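Produce the complete structure using the sequences and hints provided.
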Amino acid sequence: IAGITQAPTSQILAAGRRMTLRCTQDMRHNAMYWYRQDLGLGLRLIHYSNTAGTTGKGEVPDGYSVSRANTDDFPLTLASAVPSQTSVYFCASSAGVLAGVLYSSPYNEQFFGPGTRLTVL
Amino acid sequence: ILNVEQSPQSLHVQEGDSTNFTCSFPSSNFYALHWYRWETAKSPEALFVMTLNGDEKKKGRISATLNTKEGYSYLYIKGSQPEDSATYLCALGNAGKSTFGDGTTLTVKP
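Chains A and B, in that order, give the protein sequences.
Every letter in the first sequence is one number past the one before it in the working numbering, and letter 8, counting from 1, is 8.
Every letter in the second sequence is one number past the one before it in the working numbering, and letter 6, counting from 1, is 6.
Please note that a few of the clues may not be correct.
[Said to hold, decoys possible] Restricting the straight-line Cα-Cα distance to at most 25 Å, the calculated cross-link-like pairs of lysine to aspartate or glutamate (DMTMM-like) are: (1) A:Lys-57 with B:Glu-15; (2) A:Lys-57 with B:Glu-5; (3) A:Lys-57 with B:Glu-45.
[Said to hold, decoys possible] Output of the computed footprint for chain B on chain A, the stretches with three or more beta carbons under 8 Å from beta carbons of chain B: (4) 33-43; (5) 109-121.
[As the list claims (entries may be wrong)] Over 10 Å on every C-beta distance to chain A, these chain B residues come out as not near it, computed from the model: (6) Pro-26; (7) Ala-32; (8) Lys-58; (9) Gly-60; (10) Lys-69; (11) Gln-81; (12) Ala-91; (13) Asp-102.
None of these hints come from the bench; they were simulated from the model.
Just so it is clear, the structure is predicted and the values come from calculations on it, not from any experiment.
We treat Cβ as the ideally placed atom computed from N, Cα and C, and that holds for glycine.
Right, dumping it as C-alpha cells:
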C-alpha cells in the first residue's frame with residue numbers, strides 16, 4: 001500500500017442496510033478525516049480523529065459513526081442507510097504535531113483517498 | 001463552524017487567458033490557508049500552504065497570495081491550459097480539522 005486507500009470503490013445499497021466504508025493509510029499519519037462530496041456543496045466533514053483512540057464530530061455527523069482502533073484504519077459506518085446519504089465519500093489523513101497532546105496540525109496538508117461512490121436506493 | 005467562501009463558483013476561460021479567483025475567510029485566529037487542486041474523477045491534491053500575511057507562493061504558472069488581516073487569498077493562473085481545468089479548493093487550517101470552501105470550478109476551452 002502506498003498512501004491512502006478506500007474500499008469499496010462504489011456500492012449500491014438498499015435503504016435501511018448497514019454499511020461500513022473502509023479507509024487505510026500507511027503514512028503513519030495521526031489525523032484522519034471523512035468527508036462527503038455532494039454537487040455544489042464541496043467537501044463537508046463528517047467525522048475526524050486526531051489520534052488513535054479519539055474521534056470528533058464534523059459538520060454533518062448524523063447517521064454516521066467512526067472508530068479509530070489503530071493509527072492506520074478509520075472506518076466509517078452507516079448504521080441504517082437512507083437515500084440522502086447517497087454521495088461520494090473521501091477519506092483523508094494528515095501528519096500531526098505533539099504539543100502536550102497529539103493533535104492535527106493546521107499547517108499540514110491533507111492526503112486524500114480515491115473516494116467511495118455510494119448510492120442508497 | 002468557520003465560514004470559508006470561494007468566488008466565483010465556476011469560471012470558463014479560453015486557452016491562454018490568465019485568470020484568478022478568491023478565497024475569503026475569518027481573519028481572527030488564523031493559522032494556515034491551504035489550496036488544493038481537484039481534477040474530475042480524482043482526489044484533491046495539495047497545491048500550497050500559506051501561513052504568513054503577505055505570503056506569495058508559486059508553482060509553475062499557478063501562484064497564490066495571502067492577506068490574513070483582511071481575510072482573503074487569491075489564486076492566479078497565468079496562460080491557462082486545458083489541463084488546468086479542475087476545481088480549486090481552499091481550506092482554512094485549524095487545530096483538529098480544516099474547513100473547506102465549496103471550490104471554484106475552472107474550465108479552460110482549447
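Verification of the hints:
{"no.": "1", "hint": "A:Lys-57 with B:Glu-15", "in the structure": "violated (42 Å)"}
{"no.": "2", "hint": "A:Lys-57 with B:Glu-5", "in the structure": "holds (22 Å)"}
{"no.": "3", "hint": "A:Lys-57 with B:Glu-45", "in the structure": "holds (24 Å)"}
{"no.": "4", "hint": "33-43", "in the structure": "holds (count 6)"}
{"no.": "5", "hint": "109-121", "in the structure": "holds (count 7)"}
{"no.": "6", "hint": "Pro-26", "in the structure": "holds (14 Å)"}
{"no.": "7", "hint": "Ala-32", "in the structure": "violated (5 Å)"}
{"no.": "8", "hint": "Lys-58", "in the structure": "holds (17 Å)"}
{"no.": "9", "hint": "Gly-60", "in the structure": "holds (18 Å)"}
{"no.": "10", "hint": "Lys-69", "in the structure": "holds (18 Å)"}
{"no.": "11", "hint": "Gln-81", "in the structure": "holds (23 Å)"}
{"no.": "12", "hint": "Ala-91", "in the structure": "violated (8 Å)"}
{"no.": "13", "hint": "Asp-102", "in the structure": "violated (4 Å)"}
The structure is inconsistent with the numbered hints 1, 7, 12, 13, although it conforms to all the rest.
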